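Take a look at the letters that make up each chain.
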Amino acid sequence: MPFVVELDNPPVRFRNALIVLALTCIPFTVHAASKTTWSFLGGQIGPEWRITGQAKTTAEIGGLRIAPQEDVKVFREAQFLHAVDSVEITYLSPQDAQAVLLWHRPGDPAEDVVQLPFLFSSTMVASTIKIDTGWYDEWSLHPDMVGLMLPKGADIQLLQLSFTGWNLWDKVVGFVRSYWTFDRFSPYSVNFLWGPIFTVSPIARESLFAELPPHGTYANTVWYLLLLVMIAGCTAWGWKSHNRRNVILCVAGFLGALWIVSDLRMGMEAISYARADLTEYWMQPDAEKKFRERGDFPAFLSAVRPLLTDRGRYVFLTQFEYPLLGLMRYHTYPSEPVAPEKITEGVDTWVIYDRPEIAMNAEGQLTSEGKPISLPGEMLLAFRPGVFVFRTR
Amino acid sequence: MFVFFFLIGFLPLLLIGWLAISALEGRARFLSQTERLIYGAILGPTVLMEVVFLFNAAHLFRLNLLGYLVSILLLLVPLGILEWKKRSSPNPNPNPNPKLSKPTIIILSLLGLWFLLKLAAGMTILMSDPAYNDDVFNNWHYRSKILHHEEMLVIHRENPGVTAYPPTVPMIKVWFALVNGEWNDRLAALTSPLWYLLSLALVWCTLKRSIGRSWAILGAYMLASLPLFLIHGFTPYADLFVALHISAALLPLYAALTGNSEQERSAWLRIGALGTALLPMTKNEALLMHFPPILLIAGAVILWCLIHGKLSLRATRSAVLTYAILVTAVLVPWLTYKWMNGLPFGNAKGISGMEIFWQENILRSLFITWVLEANFLLLPGVLFGLLIVRFRTAFFSPVVTLTTFTLTAILGISMIFLFTGLSTEALRQTGSARGIVQLLPVMVVLVTVLMADMYRVFVVRK
Numbered sequence: 001m002p003f004v005v006e007l008d009n010p011p012v013r014f015r016n017a018l019i020v021l022a023l024t025c026i027p028f029t030v031h032a033a034s035k036t037t038w039s040f041l042g043g044q045i046g047p048e049w050r051i052t053g054q055a056k057t058t059a060e061i062g063g064l065r066i067a068p069q070e071d072v073k074v075f076r077e078a079q080f081l082h083a084v085d086s087v088e089i090t091y092l093s094p095q096d097a098q099a100v101l102l103w104h105r106p107g108d109p110a111e112d113v114v115q116l117p118f119l120f121s122s123t124m125v126a127s128t129i130k131i132d133t134g135w136y137d138e139w140s141l142h143p144d145m146v147g148l149m150l151p152k153g154a155d156i157q158l159l160q161l162s163f164t165g166w167n168l169w170d171k172v173v174g175f176v177r178s179y180w181t182f183d184r185f186s187p188y189s190v191n192f193l194w195g196p197i198f199t200v201s202p203i204a205r206e207s208l209f210a211e212l213p214p215h216g217t218y219a220n221t222v223w224y225l226l227l228l229v230m231i232a233g234c235t236a237w238g239w240k241s242h243n244r245r246n247v248i249l250c251v252a253g254f255l256g257a258l259w260i261v262s263d264l265r266m267g268m269e270a271i272s273y274a275r276a277d278l279t280e281y282w283m284q285p286d287a288e289k290k291f292r293e294r295g296d297f298p299a300f301l302s303a304v305r306p307l308l309t310d311r312g313r314y315v316f317l318t319q320f321e322y323p324l325l326g327l328m329r330y331h332t333y334p335s336e337p338v339a340p341e342k343i344t345e346g347v348d349t350w351v352i353y354d355r356p357e358i359a360m361n362a363e364g365q366l367t368s369e370g371k372p373i374s375l376p377g378e379m380l381l382a383f384r385p386g387v388f389v390f391r392t393r
Numbered sequence: 001m002f003v004f005f006f007l008i009g010f011l012p013l014l015l016i017g018w019l020a021i022s023a024l025e026g027r028a029r030f031l032s033q034t035e036r037l038i039y040g041a042i043l044g045p046t047v048l049m050e051v052v053f054l055f056n057a058a059h060l061f062r063l064n065l066l067g068y069l070v071s072i073l074l075l076l077v078p079l080g081i082l083e084w085k086k087r088s089s090p091n092p093n094p095n096p097n098p099k100l101s102k103p104t105i106i107i108l109s110l111l112g113l114w115f116l117l118k119l120a121a122g123m124t125i126l127m128s129d130p131a132y133n134d135d136v137f138n139n140w141h142y143r144s145k146i147l148h149h150e151e152m153l154v155i156h157r158e159n160p161g162v163t164a165y166p167p168t169v170p171m172i173k174v175w176f177a178l179v180n181g182e183w184n185d186r187l188a189a190l191t192s193p194l195w196y197l198l199s200l201a202l203v204w205c206t207l208k209r210s211i212g213r214s215w216a217i218l219g220a221y222m223l224a225s226l227p228l229f230l231i232h233g234f235t236p237y238a239d240l241f242v243a244l245h246i247s248a249a250l251l252p253l254y255a256a257l258t259g260n261s262e263q264e265r266s267a268w269l270r271i272g273a274l275g276t277a278l279l280p281m282t283k284n285e286a287l288l289m290h291f292p293p294i295l296l297i298a299g300a301v302i303l304w305c306l307i308h309g310k311l312s313l314r315a316t317r318s319a320v321l322t323y324a325i326l327v328t329a330v331l332v333p334w335l336t337y338k339w340m341n342g343l344p345f346g347n348a349k350g351i352s353g354m355e356i357f358w359q360e361n362i363l364r365s366l367f368i369t370w371v372l373e374a375n376f377l378l379l380p381g382v383l384f385g386l387l388i389v390r391f392r393t394a395f396f397s398p399v400v401t402l403t404t405f406t407l408t409a410i411l412g413i414s415m416i417f418l419f420t421g422l423s424t425e426a427l428r429q430t431g432s433a434r435g436i437v438q439l440l441p442v443m444v445v446l447v448t449v450l451m452a453d454m455y456r457v458f459v460v461r462k
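Protein sequence lines correspond, in order, to chains A and B. Residue numbers for the first sequence follow this note's numbering, so the first one is 1 and each next one is one higher. Residue numbers for the second sequence follow this note's numbering, so the first one is 1 and each next one is one higher.
Everything labelled a hint here was simulated from the structure, so no lab data went into it. Heads up, a few of these hints could be off.
Among chain A residues calculated to face chain B with C-beta under 10 angstroms, some are [claimed, not checked]:
(1) F192
(2) D310
(3) R313
Reference listing, derived: stretches of chain A covered by chain B, where coverage requires no fewer than 3 residues with Cβ under 8 angstroms from a Cβ of chain B [claimed, not checked]:
(4) 158-170
(5) 218-232
Small disclaimer: the values here were computed from a predicted structure and weren't measured. We put the beta carbon where it would ideally sit given N, CA and C, even for glycine.
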């Protein structure tokens, strides 16, 4: 039976338009991002890989394990069939290691290898580092050599390297979603707000406000350019024909629309700050309260404050002196945090926050890396390991 | 409960301000009740704190309930008598506004709902931890707590740091702590939302008086939509306090130029004189950067009014005297206090001995912070465009008061970052945007007035 379209029937016409639109979009959606993966799993390492420098390398079932005895380079030639916008490295590492991503651009002299430092954070479960290489001007979409430089003393197990090229659809979606990606409320938010940032890379979007400054283009740059084009266009169209009223209204309307969208975007960011506070702090039980980047410090502070009100001075030790020392000083005023040297002046209370090397020994003394640093005393509050209040007898 | 104590504590401050404004207004009675209340709410607390400061600096009273209550009485009694004497003066009949159309009501309701949502978000952020930011726990609230505990002004003589700042804001917070009976972070932080709402109200009133209700709605919306202004509305910093005092010093000058009678112009000048006099008591940069241009603009406005017959010689002399008396009364004790205690004039960092040379990359950094980031949405670009398109209005009409100040202040801030060691503040973005936050109410009034002018010229006249 032939398919009959009744063009004079608006609902059917609308439905068919939707079908045509959907069919048109299919090529975008089915054409996924292009990806090349070099896997080291199952001990598979091709002859194309080269290593310069002394390193103990083991091809294991779980990947290529490299323990350099000096700084080494692991690299190979590459012929990507697609453009490469980002690199993902899946690895294991028992300790932090500062590494470098290496690549060579076609046409450059052989010795000109571009280096991009990055960190292998210690992890005992397979983790993936995602690098938005497309952000860097020095990156080539078709590098002809790619590799890693690993430092002496590192112990890295490489599982796989992936190289992704985003298609147009990915980029459009990334672009739109990046505008509605919000920052978190941070100490710098009172000084400035990054605001919306456009980026086409989904990887850049994932870490938009985690890696600062954000990788992308300020939305205001785009809006100002559009406004300029709009003003130029409208002026050319209407100014000479004495249609200035329409020109002004047209530009004002466009400006108003941009303003409202920007207000919505930033207002929603403010609402997201409040929502994060509500869900991560206000609505959590005391033991699980986490406050912005300060974690459980506010909860600890609340627990500690009553123990310090009758103490003029107390020792406060933390690995994060800024801002925690100022916060302690403010919240416990008129009690005052002092340095450990003051214990000879009768200061008997120790407040320890995030100093895992400080603990109480069997004699009841505080020790730092095994050495006693206080007289014997008792634990007044054990918040969690490395976080407690101690008072000497 | 602390909100209740905040409201109770604010009443006498508002009353002092309201009476002071009413006294300065004289028998002209041209201000609306809302205007009187808004200017009163802005300047009242500062007037009271000035008196409390003088008593404490002179070792007459401590910063305790007695000291505050005596100061309140000393202000309320004479101001009350003045008000009582002229209470028979009629209030002007406000011009009835035309009724709003249905679509306008719907749009305004939506905007109002959106504003309330943002307000609720801001309050949640603020109440989660009022002392979250560095300048709160190291400066504003910390100093307030010290003043509250010590009951006197405290200065670190060897390294004055933030104790060199004017004590007004901490003293306001001490008053609320005294009313509450003890220090309360959340109570002390409520001053910021109050200043935020007062800024919106002041912009609304100024625009409604000069260009009408519709433009006032637009101006208030514009200011409310500026993201960094919202953040400061819910962070216990003092930049909005400075912004309010700049506005209370400058906007009356603009109003004086557009005033309908000599009486009205004189009254606006008296209100402006009080705002100008109190400005140095907000933050150190207000004394160095904002006070001098505003005083010069005030001088120019008075001179212009005299030359163009808008003020008689007698009224001119009265205006000059008012400025001289009020400014001297506030500035001389404060400068003497600073000099006697060896306090520097910079914000936490002294300004003497600063080397002046061109700082690399600062221009780019300022452009990013002011224009490209979302701190002020598209306001800087719109302002720049309007200053070009409406050049004549911006520079050859009463608006020139706002234009001159805005450009001078921006130029001053830029010069400091471009040529001094404070450039790191711009590179790290710790101070450059906050400098603009202090100018925002004035900038929004300027932009809205220029927009209205453009609309009148290009759209209505067509």
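A quick look at each hint next to the structure:
1. F192: Constraint on A:F192 satisfied, holds at 4 angstroms.
2. D310: violated, 15 angstroms
3. R313: violated, 15 angstroms
4. 158-170: It is violated, with 0 qualifying residues against the three required.
5. 218-232: holds (count 7)
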